[in-house]
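Asker: This is what each chain is made of:
There are 2 protein chains.
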Amino acid sequence: MSGRLTIALDAMGGDHAPRMVLRGADLARKRHPDVDFLIFGRESEVGPRLDKMKRLKQVTTLVHCDDVVSDSEKPSAALRGSRDASMRRAVEAVRDGRAGACVSAGNTGALMAMSKLVLKMLPGIERPAIASFFPTLRGESVMLDLGANVQCSAQNLVDFAVMGNVFCRTVLGTVEPATGLINVGSEELKGHETLWAARDQLNELDLPGRFYGFIEGDDMAKGTVDVIVTDGFTGNVALKASEGTAKLVSVYLQRTFKSSVFAQIGYLFARRAMQKLRQRTDPRRYNGAIFLGLNGITVKSHGGTDAVGFANAIDVAVDMVREDFLERIRSDLASIDRSVPAAQAAG
Amino acid sequence: MSGRLTIALDAMGGDHAPRMVLRGADLARKRHPDVDFLIFGRESEVGPRLDKMKRLKQVTTLVHCDDVVSDSEKPSAALRGSRDASMRRAVEAVRDGRAGACVSAGNTGALMAMSKLVLKMLPGIERPAIASFFPTLRGESVMLDLGANVQCSAQNLVDFAVMGNVFCRTVLGTVEPATGLINVGSEELKGHETLWAARDQLNELDLPGRFYGFIEGDDMAKGTVDVIVTDGFTGNVALKASEGTAKLVSVYLQRTFKSSVFAQIGYLFARRAMQKLRQRTDPRRYNGAIFLGLNGITVKSHGGTDAVGFANAIDVAVDMVREDFLERIRSDLASIDRSVPAAQAAG
Numbered sequence: 001m002s003g004r005l006t007i008a009l010d011a012m013g014g015d016h017a018p019r020m021v022l023r024g025a026d027l028a029r030k031r032h033p034d035v036d037f038l039i040f041g042r043e044s045e046v047g048p049r050l051d052k053m054k055r056l057k058q059v060t061t062l063v064h065c066d067d068v069v070s071d072s073e074k075p076s077a078a079l080r081g082s083r084d085a086s087m088r089r090a091v092e093a094v095r096d097g098r099a100g101a102c103v104s105a106g107n108t109g110a111l112m113a114m115s116k117l118v119l120k121m122l123p124g125i126e127r128p129a130i131a132s133f134f135p136t137l138r139g140e141s142v143m144l145d146l147g148a149n150v151q152c153s154a155q156n157l158v159d160f161a162v163m164g165n166v167f168c169r170t171v172l173g174t175v176e177p178a179t180g181l182i183n184v185g186s187e188e189l190k191g192h193e194t195l196w197a198a199r200d201q202l203n204e205l206d207l208p209g210r211f212y213g214f215i216e217g218d219d220m221a222k223g224t225v226d227v228i229v230t231d232g233f234t235g236n237v238a239l240k241a242s243e244g245t246a247k248l249v250s251v252y253l254q255r256t257f258k259s260s261v262f263a264q265i266g267y268l269f270a271r272r273a274m275q276k277l278r279q280r281t282d283p284r285r286y287n288g289a290i291f292l293g294l295n296g297i298t299v300k301s302h303g304g305t306d307a308v309g310f311a312n313a314i315d316v317a318v319d320m321v322r323e324d325f326l327e328r329i330r331s332d333l334a335s336i337d338r339s340v341p342a343a344q345a346a347g
Numbered sequence: 001m002s003g004r005l006t007i008a009l010d011a012m013g014g015d016h017a018p019r020m021v022l023r024g025a026d027l028a029r030k031r032h033p034d035v036d037f038l039i040f041g042r043e044s045e046v047g048p049r050l051d052k053m054k055r056l057k058q059v060t061t062l063v064h065c066d067d068v069v070s071d072s073e074k075p076s077a078a079l080r081g082s083r084d085a086s087m088r089r090a091v092e093a094v095r096d097g098r099a100g101a102c103v104s105a106g107n108t109g110a111l112m113a114m115s116k117l118v119l120k121m122l123p124g125i126e127r128p129a130i131a132s133f134f135p136t137l138r139g140e141s142v143m144l145d146l147g148a149n150v151q152c153s154a155q156n157l158v159d160f161a162v163m164g165n166v167f168c169r170t171v172l173g174t175v176e177p178a179t180g181l182i183n184v185g186s187e188e189l190k191g192h193e194t195l196w197a198a199r200d201q202l203n204e205l206d207l208p209g210r211f212y213g214f215i216e217g218d219d220m221a222k223g224t225v226d227v228i229v230t231d232g233f234t235g236n237v238a239l240k241a242s243e244g245t246a247k248l249v250s251v252y253l254q255r256t257f258k259s260s261v262f263a264q265i266g267y268l269f270a271r272r273a274m275q276k277l278r279q280r281t282d283p284r285r286y287n288g289a290i291f292l293g294l295n296g297i298t299v300k301s302h303g304g305t306d307a308v309g310f311a312n313a314i315d316v317a318v319d320m321v322r323e324d325f326l327e328r329i330r331s332d333l334a335s336i337d338r339s340v341p342a343a344q345a346a347g
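Heads up: the protein sequence lines correspond to chains A and B, in order.
Residues in the first sequence are numbered from 1 upward in steps of one, following our numbering.
Residues in the second sequence are numbered from 1 upward in steps of one, following our numbering.
Everything labelled a hint here was simulated from the structure, so no lab data went into it.
A few of these clues could be false.
Given that identical chains are not distinguished, each listed pair holds provided it fits within a single copy or across any two copies.
To be verified - Straight-line distance between alpha carbons at most 16 Å, and here's what the computed EDC-like set of lysine to aspartate or glutamate pairs gives:
| hint | residue 1 | residue 2 |
| --- | --- | --- |
| 1 | K190 | D71 |
| 2 | K247 | D332 |
| 3 | K54 | D15 |
| 4 | K222 | E45 |
| 5 | K222 | E140 |
These numbers come from a predicted model, not from an experiment.
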């Protein structure tokens, strides 16, 4: 895809909105000179800030919306009540073709519900999934579902594998991704029927790359596969457990460097290398989860992120539009028979 | 409990058995001069090694068994086929009162199946759970189930919370443990019906300590609660995902210290502090998972561990016997009404 492209932003979502949204957009603007922004939010809060950011303002159209979806709002209430919410307007801009993708750091459940309602599902996909990158010993993998579906059928898991496969090829550029299904053991008879049915079907699917089979929790960080498939409950807990452990080790490390004079001197020497390590393991690098399975591109930024993290979420949206993700997933879905045999789908 | 106590060991389970079992027992012997060992295994493989370990031999009775349960064996096959397996004999020694607890690094599924069959369940407990310690920012927490039950009812989760509470008070010495139930969000309406039913019941239970409510994956390492309750599928994946991430950060850290001459010099200064950090995060420290809910104490060591890790698993067994864990859990189970109301238990 060539020429200019437009990304819609929800200026009001996130703990530090709208400031970090505008600053994040400004960072992304420097990296993507061919991107325009369509920003939705309260004129009184966003306008004055934008006026001070001349260059960002040149590539931005600000659209005033009265409503804001709060973090505590239930998805159903947000759907009914907030017709003029910045989040909803951003998703509608994607539906109407005024933007190639939208990014919001707001309420995840509400953003998912609005995206489903406004964008609709891709043909043959029953449930959307939340996907994101996961750092591994070998680089990066794609992981899904991270929380959209707490309970999944075999068919859902197969759909996630197909969508994750396309996503991995499109955005990470992995030519033949290996896909793995999370289980409590790699043995054939561990787990439960839903997993066995999904595995059997994935063994027969003719996807680019290969189906590795079952993987375990520690295979995530090992980089055993490129696409990590699981239900939204397990995926959400495993991702957050990993984040918590990374944070724990980082605190231990800080304490270690402060534990003696020698260690403090050691830190002075190793400081630059340690800063690089911190950059590498910076959770903001992996900010930007994608809602897959919809007729349009919605990227969810972490609510607590800052401008750097939000700019990364915009990067993900730009990449997906540039690589023509939607067309590729539509054509793959049309060409692959993903149906789980009826006797197994019940599992 | 005073006087000498006996621990039964399966000499044949684990990747480095029987060598690491004997060496691990020898390490544990130094820490616990009042412990005798009852070791089950092949005389031809264990006997000559034991002959060289004079002090261990003085406190050990070796019982020859012909059979060994392999790692690939299905639990059902191990139950039927291996009547004279070292693993089974070790569990039977607990049932017959010849040992206070048994430790094995062998096939987890087979060890669980044998423990259930031989030791039987505690009154009112439907399913056993695998519990272990988890390192946190605040110290250590207890986590269960780590893989015995891939699908759990609300009643199972409530039982796990009660058993984890007793275990935490007995072995960690936490007077009033806080208990949390893993979910995909701390909000009341996230998750699914089984979790809501378990939460409602736990809110009403009169346990020592308090029920914190729902926790998320990152609360595990934060140490938000002392007892982390979840189903065996989620628990297994989350624990292994955390282990994988800790390993990933550790590899990143090694690379960082090698990345420049300055960093290498820094490492020389910080080396002692780093060694302490490595000891603190050593997975062998947390080796020794406990099967809770049985009429006897079975401790499962990681199959790939070495003598240091196996000795830690023996420590856990010794602690449980010394602290009279079985009597305490029996009395707690008798005094607490754990029943989930029928309308909810269906969830």
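Asker: All hints, please: hold or fail.
Answerer: Now for the hints, and whether the structure bears them out:
Taking identical chains as interchangeable, the C-alpha atoms of K190 and D71 lie at most 16 Å apart only when they sit on different chains, with a minimum of 14 Å there against 38 Å within one chain. Taking the closest pair of Cα atoms, K247 and D332 never come within 16 Å of each other, the shortest separation being 38 Å inside a single copy and 36 Å across copies. Proximity of K54 and D15 under a CA criterion of 16 Å is satisfied in neither setting, with 24 Å inside one chain copy and 65 Å between copies. In this homomeric assembly, K222 and E45 never come within 16 Å of each other (Cα to Cα): the closest approach is 45 Å inside a single copy and 35 Å across copies.
For the identical chains of this complex, K222 and E140 are intra-copy neighbours only, at 10 Å inside a copy versus 25 Å across copies, given an alpha-carbon limit of 16 Å.
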